[in-house]
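Trainee: Next come the chains, spelled out residue by residue.
There are 2 protein chains.
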Amino acid sequence: MEEAKQVRDLKPLFHPKSIAIIGASERGFYPTKVLQNLLRYKYGGKIFPINPYFKNVIGLKCYPRVLDVPVDIDLGVVAVPARIVPSIVEESGKKGLKALILISSGFREIGLEGAKLERQIIETCKKYNVRLLGPNCLGVVDTHSPLNASFAPSTPVKGNIAFVSQSGALGTAMLDWTLDQRIGLSKFISLGNKADLDETDVIQALADDANSKVILLYIEGVTRGDKFVDAALKVTKKKPVIAIKSGITSAGSRAVSSHTGSMAGSDLAFNLAFNKAGIIRVNTAEELFDIAKSFSTQPVPKGPNVAIITNAGGPGVLATDACEKFGLKLAPMSVKTVKRLRQNLPPSSGFFNPIDIIGDADANRYKFAIENVLESEDVQNALIILTPQAVTEVEATAKILIHLKAKFPDKPLVASFMGGNTVSEGIKMLEAANIPNYKFPERAIQSLALLTTYAIHQNTNPSGDMQVFKVDRETVKSLFEKVRKQKRLVLSAFEANEIANAYGIAAPSIKLATTADQAVAIAESVGYPVVMKVESPNILHKTDIGGVKLNLNSPSDVKSSFYEIIGRAHTFYPNTSILGVNVQRMVPSGREVIIGMTRDITFGPLLMFGLGGIYVNFLKDVSFRLAELTNSDAMNMIKETKAYTLLRGIRGEPSSDINSVLDTLLRVSQLVTDFSEINEMDINPLMVYEKGCMAIDVKITIKP
Amino acid sequence: MEEAKQVRDLKPLFHPKSIAIIGASERGFYPTKVLQNLLRYKYGGKIFPINPYFKNVIGLKCYPRVLDVPVDIDLGVVAVPARIVPSIVEESGKKGLKALILISSGFREIGLEGAKLERQIIETCKKYNVRLLGPNCLGVVDTHSPLNASFAPSTPVKGNIAFVSQSGALGTAMLDWTLDQRIGLSKFISLGNKADLDETDVIQALADDANSKVILLYIEGVTRGDKFVDAALKVTKKKPVIAIKSGITSAGSRAVSSHTGSMAGSDLAFNLAFNKAGIIRVNTAEELFDIAKSFSTQPVPKGPNVAIITNAGGPGVLATDACEKFGLKLAPMSVKTVKRLRQNLPPSSGFFNPIDIIGDADANRYKFAIENVLESEDVQNALIILTPQAVTEVEATAKILIHLKAKFPDKPLVASFMGGNTVSEGIKMLEAANIPNYKFPERAIQSLALLTTYAIHQNTNPSGDMQVFKVDRETVKSLFEKVRKQKRLVLSAFEANEIANAYGIAAPSIKLATTADQAVAIAESVGYPVVMKVESPNILHKTDIGGVKLNLNSPSDVKSSFYEIIGRAHTFYPNTSILGVNVQRMVPSGREVIIGMTRDITFGPLLMFGLGGIYVNFLKDVSFRLAELTNSDAMNMIKETKAYTLLRGIRGEPSSDINSVLDTLLRVSQLVTDFSEINEMDINPLMVYEKGCMAIDVKITIKP
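Top to bottom, those sequences are chains A and B.
Quick note: the first sequence uses the numbering used here, first residue 466, plus one each step.
Quick note: the second sequence uses the numbering used here, first residue 466, plus one each step.
None of these hints come from the bench; they were simulated from the model.
Errors might be hidden in some of the hints.
Identical copies carry no separate label here, and so any pair may be met within one copy or between two of them.
Simulated pairs of lysine to any residue, SDA-like, Cα-Cα distance not exceeding 20 Å [stated by the list, open to error]:
#1 K507 to G571
#2 K864 to L839
#3 K692 to S1019
#4 K623 to G885
#5 K998 to Q808
#6 K1085 to Y1109
#7 K790 to E751
#8 K498 to G824
#9 K976 to E751
#10 K1107 to Y528
#11 K1014 to E1118
#12 K623 to N886
#13 K1107 to I1004
Construct all of the structure, not just a fragment, from the sequences and the given hints.
Mentor: Take a look at the structure:
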């Protein structure tokens, strides 16, 4: 409760009644720039320069310390050398400041010493309940307050796009660029080191900000993975979040001893997290704002059908190709619409989508075509392409679009007036009337497609079908305790099967033989044929060393296999403890799938499903989701793979029990969520039959 | 010889000594605009307006017909109604004009009637040896001649990029855009309907044009597929060709009864053709010119290593991600380089690639870093990123780059000065000095990556290892004649195997049984176990209907299988002729791969290799190339698939005879090149053993 309140209340950061500029001077670059920005940008509250060496700064009375200011202060902007920061934060806390923007650098980013200083500051902030942005950040701009508490050289124009950037320099460049592109912002927030306030806090605050219609994020990492996903899911139900996450090539920090671990790329977890949270991920800084242009001005579409109206065939084809690429549908033209279009368009026009009103189209022809097409219920989005040809009326056509946009406010309408000078005046008119223009039709289609993606996200309830199974947690708990006591990280085959059974996952019973005679005795008791596998905590891929023998039918086979397995294990792992050989009844063969989990350092359990067996790494037919899985998550995971086609039965083969696979996947999800000590888990293969399935080989490792 | 000469000699089109404007008037839009463009653009030759209704047009003496002009004319620009065009072309031929630009529309693009007119014109052109551009085109601009024989509203500035566009409207828009972006062109050529001159002719001419350093193509289709690939391969050895091909979603026009046909997407042939020809394919109109900016100004790099020098971490990370995405390598920094950098850069700089010279970098620091990095032999390309921060010296840094570019002329150097107004002056300076600037670092990296791709293409000799096998063409030829006489399109299993054998591809001997007793007799003679398959020209996927029986070991098995197969075939194909049941000795199982061919309507035989067997459509692990294959083509095809991993033997399995697969692939390539009547061909499976391979099931269909 306390935390929830604290998280959301970022008002002192964006709408402070008074601000202290700590370190203010007329010489230091950063504090001077912040002061100038505050004044120029017409901040309406009180400003108190703080600096023991000055009486006045830029005509304002200067106080030695915040504690000397006779009235309350909401926000402090701190730009002093790192070593003085701890005392400044302490004084700010004492004075009752509610928020601090820490511009100073020299903290975590410079190494261990700085990190220590940063931790010290955060503890002081917590003690006094002060929220802190930074350190090592550019500050904050709120174009509606108005407030420019940053040292950014360019100040954005007013708009409804909130831009949050972890990188200050990228932020600066993008602010400058938004001016050039006439893109308006509601807020700009530079996150810096995220010592206290991070992306999760900020997007939660922005969700409630009436001035922000879209949230843009540039991040290099996420501080609190699980909190972020949960929070973002709530935010994206209210308004779109578009993000660029850089650093996709950085090596992951997950364990990779399992199949699942080795197949989950380092960037995968971010994709899964963004998908789960409904965040739209783009790949370049350019796309971030380009897409935002549509999200900040257009309504959420009712469906994926787009009409393309163009005065040139070529760009129409490019737009059509883009529809295929980005998953938009060309709206079908009804007989009625085509009939009406034929009445007034030249006979050589294209009457089906894309509607080509040909090169000599004037503004009136655009009006006629667009109006008739938008009236159709089959059309839910529109892209208007204009190339500057002989009789093209650029500005008059822009006016038509503006008029029709007002007539059809519920249908996203974007333009692609192509060219340079000839079309620039028309583009300005469009943009002033909230019709985004794209110089090239492909990006326009991409924007519409992402609007549709967002519409689908807003209308689905992802947590609707979460299932909780009745399981035996105690058995698993005590088993892990035993393993930890023995200082092991890898569970034995029995232990892994026992855990599977405790969570309702069928696994064959396994017995350990330490002598050849014992192996024969077990085989005689469970019945032939049997499978034998080496048991050792350090040998994970047993097949590779010849440590697995299948389909053994006689005591002599079992005996010789025992010696061979032990011999091979000692040859390949001469200094490893070999516990013996597991003997189990051989189960009938079925479709082999894999279910696995690896734990991501940021986002937690990452579940995998796919084609199993010994070729799993070779075929790489797998799908992933973050835990916890809902029924539909799990079903979608299965359906994404080719294994699904196989399970349904191809070319006349009988179908396998897909529901039992679904059930197993959900139970694994519950297991790895319940026990955060599980580091990695593979069931490979899970043998699937016409009825039921069986976990043949279960591997579990736990965290140190 | 005659054709070759004709193809290349496009001088009258770009450098005519005299031009007739046929249809010239002061009222008609198109001819007036062409005349105006010719005059304004200071065309140096003689201009003759032609129109029987005028004595003078814009102050120039006007002649009734070209035949009335007293001197020779090189080029005619025709803008008269379509129905008059044939007589104009006839007269132009008689007069001895060498080339015509046919601006008029109303030909193939409006339907059958127009197509007829177009054919008529082309015949006349051939009769008189006149080359024709269009119809339905915008015309031609040559900025070096200078010549603007087009009705384009904007005239490009002089440069070294040749731009060829099939779409006139897209051409217009892009010309306007190049002005806005200060991109210079050497030539602009609007292809229109390509009745005579097509992309193949034009790129051949441009290859020899000293004023054009790069060729850009916007095409919606290719007229003569095989000629285009051969010609483009020669052109791209001289200079880069960058192309955008739209219409990727249009349905293909290939047969799809084979596995190969069904797996080759409609856009695949263009990708293969462009790859084979060394053409760089981009996906959007924006990319076309963005990439061209680097190709037109930068040298061909010596290798893929790039150094990124930046004053901000974030964009450096974005650029690094882009390197991974586009296949460029971050240049390793030698101990020597790092040591030198440390001497003068602030301690918190990034000394390894990307080189982060941090936010307070002035121009001198850029100079120091870039100079030291470019001196390293490990660095073959450089990207300089600048974000406008507090002390950033934009123009001074631009000057540094210009200076260093001159010092290291052999290393591609591109910039990403990010932002708007703050950096625009610096960007202008860079561009004037032939250093391309990209607003976002990703595109800069993509450009460098494509330069590297081009460098590799220039240095490889693709036709170096073409192999020709000694084969029995006569057998194949007479077999096809027989099949054609019988008006069949599908070859029987014997026929297909006979063809395979004639080309040195091992296939088992097959005998047809028309009674159960005959089947037993064949089985007894070839030896058990045997395989039996239904034989019918209309049943292509025999397994699906239960028309294949494997591993039959006794006369009674053979007998009952015969009845079952015939019964099933009649049930599933009640009205189809069933010729009987094939009997062959069962061959041992091995690795199953597929080799196939489908014929593309534009580019001819399209070869496929991949994982075979009954799951071929399910796993879709296949690679493609256009015929004819060189040894290295074929080897690369094999290596691109997962089947290759399998053939090499994974997890301790023995390796299969990859050379025998290569041999088979090359022989199939030769077969389908030798016989253009083969429409589709599948060998599935080709069974591969530790030594040798065997074509188990060969399917061949021929063209109607």
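Trainee: Each hint: holds or not?
Mentor: Tested hints:
1. K507 to G571: neither (31 Å within a copy, 63 Å between copies)
2. K864 to L839: within (16 Å within a copy, 52 Å between copies)
3. K692 to S1019: Intra 57 Å, inter 69 Å, cutoff 20 Å: neither.
4. K623 to G885: Only across copies: K623 and G885 sit 17 Å apart there, 26 Å inside one copy, limit 20 Å.
5. K998 to Q808: neither (79 Å within a copy, 60 Å between copies)
6. K1085 to Y1109: Both. Shortest intra-copy (14 Å) and inter-copy (15 Å) distances satisfy the 20 Å Cα cut-off.
7. K790 to E751: both (19 Å within a copy, 16 Å between copies)
8. K498 to G824: Between copies only: 16 Å across chains, 53 Å inside a chain, cut-off 20 Å.
9. K976 to E751: neither (60 Å within a copy, 66 Å between copies)
10. K1107 to Y528: Intra 70 Å, inter 72 Å, cutoff 20 Å: neither.
11. K1014 to E1118: between (28 Å within a copy, 15 Å between copies)
12. K623 to N886: Cα proximity of K623 and N886: across copies only (18 Å, versus 26 Å in one copy).
13. K1107 to I1004: Intra 30 Å, inter 27 Å, cutoff 20 Å: neither.
In summary, the structure is inconsistent with hints 1, 3, 5, 9, 10 and 13 from the numbered list given earlier, while agreeing with the others.
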